[in-house]
Amino acid sequence: MAIKTQPVTVNLGPQHPSTHGVFRMRVMFDGEEIVDVEPIFGYLHRGSEKLAEERTYTQIVTLTDRMDYVSSMLNNQAYILAVEKLAGIEPSPRGVWLRMIASELQRIASHLVATGFLLQDLGALGTPLIYAMRERENILDLFEMICGARITNSYLRPGGVFMDAPEEFWPALERGLDDIVSTIDELEEYLSGNEIVFSRTKGTAVLSPELLINASITGPMLRASGVDWDLRHRAPYDYYGRITFERKLHTASDNYARYWVRVQEARESVKIIRQCIEQIEPGPVRPSFDDVPRLLRPPAGDAYAAIEGSKGELGFYLVSDGGISPYRMHVRASSLINLTLLRDMLIGGQFGDLFVTFGSVDLNMGEVDR
Amino acid sequence: MDQAFLDNSLWRNIYCVLAGDSAQCASREYSSGLLPGGMEWLAFLIAAAAIIGLFVNGVLGGVIVLIWGERRLFGRFQSRTGPNRWGPFGMLTSVADAIKTMFKEDLVPAEADRILFNLAPVLIAAPALLVFSVIPFGIGTYVADLNIGVLFIMAVTSLTTLSVLTAAWSSANRIAILSALRSIALLISYEIPMALALVGIIMLAGSMSLGDIIAAQNVPFIIVQPLAFFVFFLAAMAEMARAPFDLTEAESELAAGYLNDYASMKFGIFFLAEFMAEISTSAIVTTLFLSGWRGFDPIPSHFWFGAKLIAVLFVIIWFRMTLPRLRVDQVLKFAWKGLFELTLINIVVTAILIAIWPQPTTSQLWMMAAINWPIAIISIWGVSKLLGTSSYDKPQPDADNPEYPVGSEEIPAASVYKAESTSQAQASNEGGD
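Read top to bottom, the protein sequences are chains A and B. All residue numbers for the first sequence refer to our numbering, where the first residue is 1 and numbers rise by one. All residue numbers for the second sequence refer to our numbering, where the first residue is 1001 and numbers rise by one.
Treat the hints as calculated values from the structure; they're not laboratory data. A couple of the hints might just be wrong.
[Said to hold, decoys possible] Below, in silico cross-link-like pairs of lysine-lysine (DSSO-like), each with a Cα-Cα straight-line distance of 27 Å or less:
(1) A:Lys202 <-> B:Lys1385
(2) A:Lys202 <-> B:Lys1333
(3) B:Lys1385 <-> B:Lys1333
(4) B:Lys1337 <-> A:Lys202
(5) B:Lys1333 <-> A:Lys4
All figures in this text were calculated on a predicted structure; none of them were measured in a lab.
Can you make the complete structure from the sequences, with help from the hints?
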């Protein structure tokens, strides 16, 4: 006799330990299998885009910090590029090199956090997470040296950065890069060869490259499916045209591939920073206030600038009506767009993989809800 | 008073101090007892109550120390200090936690089945404590040496799952029920390899009594029966739902599962029972595989037992600290396709060896070990080949020659889009529509 069964609907979040913030999912289970998922977000909405309409162009930098709070420098960079485009500012070379170093450090930090939390979602009780966070602390210490803040940096300004790095920053950076490489080696040694990690992540939540492209997914998720799309290479911004680095691709497009691509990209970021250190030249870190006043009044018009953020294409669209604050600001939040395939990834999968897949998207609720 | 009870030094010392006049005690040179003659029944009751109190409080004290030790070890594994504020080396942290837990509000969900909801903590604590009644902690230090000790342990430890199901069902919480279903799946799967792993030991010792099993371990059974140890240890980890099999609690998925709706001391009892299960599992492993309290003179037997217990506990904590969790289907596959086969291999090999040497002496035990180790290594390797995840067929693609190239031509550098003015952008939008 067949036992009559029916799917069970369970509410996960917003107060759930693994939702990477305040995310909510209404999940329908049939046993351990996921039948339906309804993502519900907006719990961290702070109206950043609306707030930007009331602030000057320099003040908005602080708002961008708080969007994706694990990669503030990258948010700063994307926003500043849009402002420079809009106002036609020629940045000072040293400032550009400094912000490239800062944003690549931030990319490493973000990828370390993503890897650590992936392992946390896999059920390792904090040890890999703390190993990753320990290295992130060193990066945050470096940020503290160059701008005095650790997470909400607000380091970048239109035309460059607001202050030069102190003398002791450069030897500390060299040491930090060596540490980062050894930490990544350590993480890879523990994780890539671990049978449990591999068996849990291989072949789960596979997405086809066509689907990813159609859903406009970018970043490590797209590169994990074998699509060679990296804005640093495709549409070089800042001085990425003068830098050589490998684009790391994987064909499997599963959770393991996403993890692998992130770890390898962190390695490549170290190489990029080393090249930046070689090529950096002395000079002012930002144009003088005669050229770029504190109170910017860009001409009426609009501009969109995008960078390769840690989670995908991070773009800022600014509309100016000639006043001191933008008429409209819109953020192409990579976390939010990467989340759109959540249903395709989860449905048909196992409950145990739900949060692993969710974590492998590497989303940040601050950026999703803004 | 039965003679078997008087072999037990715990019983004898309490009973004979009270009732020294009785015939059995007098023959063992006890002076006259505190109680007058004819009151042996009272002496018996007092002795029983004293021993129960001693064991329960001893185990609870052990749990408090274990919680502290586990947290300190967690700290070390995670390159931090761990609790170090309250008391010397943070030793009073668990005491502070216990006090805090007791004074929390005792919430019961509105839809909960109150009777079962309150019964579940009792149901989980009782079997966790019962296991200790058959474990010999040292020479003559045990509550009872049952002749079916191993069977008793198997029966009692499986009761834990009943309590998990009761807790989950009575709290009327869907996440809790998912956790209970996983718990039952684990029990059904791992009880079998766990019991079959012990068959080899029972064959070697010729008895199910833990005392006899320790007596038979002239060579610790971990050396003679490596395969049985491997299977039993992993199955025991799964039975008490420790990492990497912590599917029932699964913090990152089920958010503590069946414990979801428990608060205050009811939660505290579950928490204590979890650690009691950890200690009892270590004690069982110590007794069955590490020759229990046996060691060299002049170090007392209790010390040997404690040292081995702590070593096993350390390994369990180490597992928990380093390994991620397996998925449900993988866990069940591991039990049925991996451990089950290994136990069958172990039983067949041990049976053949027992047929050759029916009453193994120490040197024959070493011979058995020499035969068992290669078999264990080969069979574990074979099972890992069978169950292991194969790596990717295709290597990572070349970035310069990717599988899905996007736009072969160079993208214009001005992909950073800038329109001349808003009005133009709007005009083009309207045109597009």
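So, going through the hints one by one against the coordinates:
no.	hint	result
1	A:Lys202 <-> B:Lys1385	16 Å, holds
2	A:Lys202 <-> B:Lys1333	16 Å, holds
3	B:Lys1385 <-> B:Lys1333	14 Å, holds
4	B:Lys1337 <-> A:Lys202	20 Å, holds
5	B:Lys1333 <-> A:Lys4	25 Å, holds
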